[in-house]
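Colleague: All chains, full assembly: derive it from the sequences and hints.
There are 2 protein chains.
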Amino acid sequence: MEPPKRRRSNTRARLLEGALEVFAERGFHGASVEDICERAGFTRGAFYSNFGSKDELVLALFQATTDRLLEQIEALLPELASQPGSLLDAVLGLLDETVPDRRQWHLISAEFTLHALRDPDAAQALNKQRAMFRESLTRLVEQITETSSLELTVPAEQFVRMVIAVHEGARSQSLLEPDEVPAGSLEHTFLPMVLAAVSRPSR
Amino acid sequence: MEPPKRRRSNTRARLLEGALEVFAERGFHGASVEDICERAGFTRGAFYSNFGSKDELVLALFQATTDRLLEQIEALLPELASQPGSLLDAVLGLLDETVPDRRQWHLISAEFTLHALRDPDAAQALNKQRAMFRESLTRLVEQITETSSLELTVPAEQFVRMVIAVHEGARSQSLLEPDEVPAGSLEHTFLPMVLAAVSRPSR
Chain Y
1 MEPPKRRRSN
11 TRARLLEGAL
21 EVFAERGFHG
31 ASVEDICERA
41 GFTRGAFYSN
51 FGSKDELVLA
61 LFQATTDRLL
71 EQIEALLPEL
81 ASQPGSLLDA
91 VLGLLDETVP
101 DRRQWHLISA
111 EFTLHALRDP
121 DAAQALNKQR
131 AMFRESLTRL
141 VEQITETSSL
151 ELTVPAEQFV
161 RMVIAVHEGA
171 RSQSLLEPDE
181 VPAGSLEHTF
191 LPMVLAAVSR
201 PSR
Chain V
1 MEPPKRRRSN
11 TRARLLEGAL
21 EVFAERGFHG
31 ASVEDICERA
41 GFTRGAFYSN
51 FGSKDELVLA
61 LFQATTDRLL
71 EQIEALLPEL
81 ASQPGSLLDA
91 VLGLLDETVP
101 DRRQWHLISA
111 EFTLHALRDP
121 DAAQALNKQR
131 AMFRESLTRL
141 VEQITETSSL
151 ELTVPAEQFV
161 RMVIAVHEGA
171 RSQSLLEPDE
181 VPAGSLEHTF
191 LPMVLAAVSR
201 PSR
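Sequence lines, in order, name chains Y and V.
Using full-length UniProt numbering, the letters of the first sequence map in sequence onto residues 1 to 203.
Using full-length UniProt numbering, the letters of the second sequence map in sequence onto residues 1 to 203.
No wet-lab data here; the hints were simulated from the structure.
Keep in mind that this is a model prediction, so the values were computed, not measured.
Glycine residues also receive a C-beta, built at the ideal position from the N, C-alpha and C atoms.
Watch out, some of these pointers could steer you wrong.
Unchecked claim - Covered stretches of chain V (chain Y as the covering partner; in silico rule of three or more C-beta atoms under 8 Å from a C-beta of chain Y):
| # | region |
| --- | --- |
| 1 | 113-127 |
| 2 | 167-180 |
To be verified - These stretches of chain Y come out as covered by chain V in the derived footprint (C-beta under 8 Å, 3 or more residues):
| # | region |
| --- | --- |
| 3 | 101-107 |
| 4 | 114-122 |
| 5 | 151-164 |
| 6 | 167-174 |
| 7 | 182-194 |
Claimed, not checked - The calculated label-pair distances, taken between Cβ atoms and stated as ranges, are:
| # | chain 1 | residue 1 | chain 2 | residue 2 | range |
| --- | --- | --- | --- | --- | --- |
| 8 | V | R26 | Y | R14 | 30 to 38 Å |
| 9 | Y | S86 | V | D119 | 36 to 44 Å |
| 10 | Y | R200 | V | R203 | 26 to 34 Å |
| 11 | Y | Y48 | V | R139 | 50 to 58 Å |
| 12 | Y | E71 | V | L76 | 42 to 50 Å |
| 13 | V | L176 | Y | E71 | 21 to 29 Å |
Modeller: What follows is the structure, given as structure tokens:
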């Protein structure tokens, strides 16, 4: 038999996976805890021993995805830290590859953002989670600009915010019109220009 | 008594106004045609003699807003067509000022986009509406680059898509964290850099 800790972590993983599917089909508000349990093959008891609420589960999904993304970015650093342009391209590629399904991922992340705009508790929790992710990315940008003898003419956090804004805005266009806006195309065309515009050799 | 045509157009305007409020409170899916009629003080009959469906009403809202925005942009041209940088700043200002309430507007436009990602008919109608708006903006950009003896190094439509992506992505951050991301701040910081990067004096 599996040790209890491993079993618990498998239960969490399967609940997260099932939830992503159910959310994509029925929307965040349309999907009940019962629906998620049924899809994952667990009882409500199993759900509530892992997550306090549906909101908490969504935030755990975000956390798992951003943790994986940060790990993958860090794995690129030994090779690319001295070439910010290539690193940016590689990171933009990861943004789409790291998530299991771009469409599902966009649906739940856009929906939870809308939920947060109506619910102050959800907004607080989401902002905290997004701030942690943004701070990790900001530290990476700072580390890279040092390694590559560049300096930014805007705060690193502003640049990170811009990358996130372009990615989220472009993803929406690309999902609505996949033939006209291939995934990542706006990001790959314009963000390297932005990076060039805000960086210069450090003195 | 008002002539029938004017009366009909007032009914439409009041239904659109009431709908925007009800959508912002209850969400696109949570707001019924009954709720909208009640808020605007009309019967279901009045609704259906103006709009075929809730989808059609939302698209009419988008149309009215983009028409107003295009009119306002065109009014700026005599003064600013030869100064693309100042014009871009002015247009970015209009993007936020033209809508009666940024938060309401973001909620309904993000929600209808999510709806369209699940409903092919809604996607087709939304894409058609967005394409018309994008084409009007693209023609304006082409006209301005000619007037100001500039040429773009990317197709004008790509630049327009990028402006829309940044605006929609940045608006979401700015509504979630109004103190950290004032309305328009990412757009005003970064889009002039993008414009400078994709334009050069025409030969």
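Colleague: Does each hint fit the structure? Answer for all of them.
Modeller: Status of the hints after comparison with the structure:
Given a C-beta distance limit of less than 8 Å, the hint that chain Y covers the region 113-127 of chain V holds, as 8 residues qualify and 3 suffice. Evaluation of the coverage hint for the region 167-180 of chain V: fulfilled, as 9 residues show C-beta separations to chain Y shorter than 8 Å, against a requirement of three. Coverage of a stretch by a chain is defined here by at least three residues with a beta carbon nearer than 8 Å to that chain's beta carbons; for the region 101-107 of chain Y and chain V the count is 3, and the condition holds. With 4 residues bearing a CB less than 8 Å from a CB of chain V, the region 114-122 of chain Y meets the requirement of three and the coverage assertion stands.
Taking a C-beta to C-beta cut-off of 8 Å, the region 151-164 of chain Y contributes 5 residues in contact with chain V, enough for the three needed, and the coverage statement holds. Coverage of a stretch by a chain is defined here by at least three residues with a beta carbon nearer than 8 Å to that chain's beta carbons; for the region 167-174 of chain Y and chain V the count is 6, and the condition holds. Coverage of the region 182-194 of chain Y by chain V holds [criterion: at least 3 residues with CB-CB distance below 8 Å; count 5]. Taking 30 to 38 Å as the suggested C-beta distance range, the pair V:R26 and Y:R14 conforms, at roughly 33 Å.
Distance hint check for Y:S86 and V:D119: the Cβ-Cβ separation is about 40 Å, which falls inside the suggested range of 36 to 44 Å. The hinted range of 26 to 34 Å is satisfied by Y:R200 and V:R203, whose Cβ atoms lie roughly 28 Å apart. Separation of Y:Y48 from V:R139 is about 56 Å and conforms to the stated range, judged on CB atoms against 50 to 58 Å. Between Y:E71 and V:L76 the C-beta distance comes to about 47 Å, which sits within the given range of 42 to 50 Å.
Distance hint check: the CB atoms of V:L176 and Y:E71 are about 25 Å apart, consistent with the given range 21 to 29 Å.
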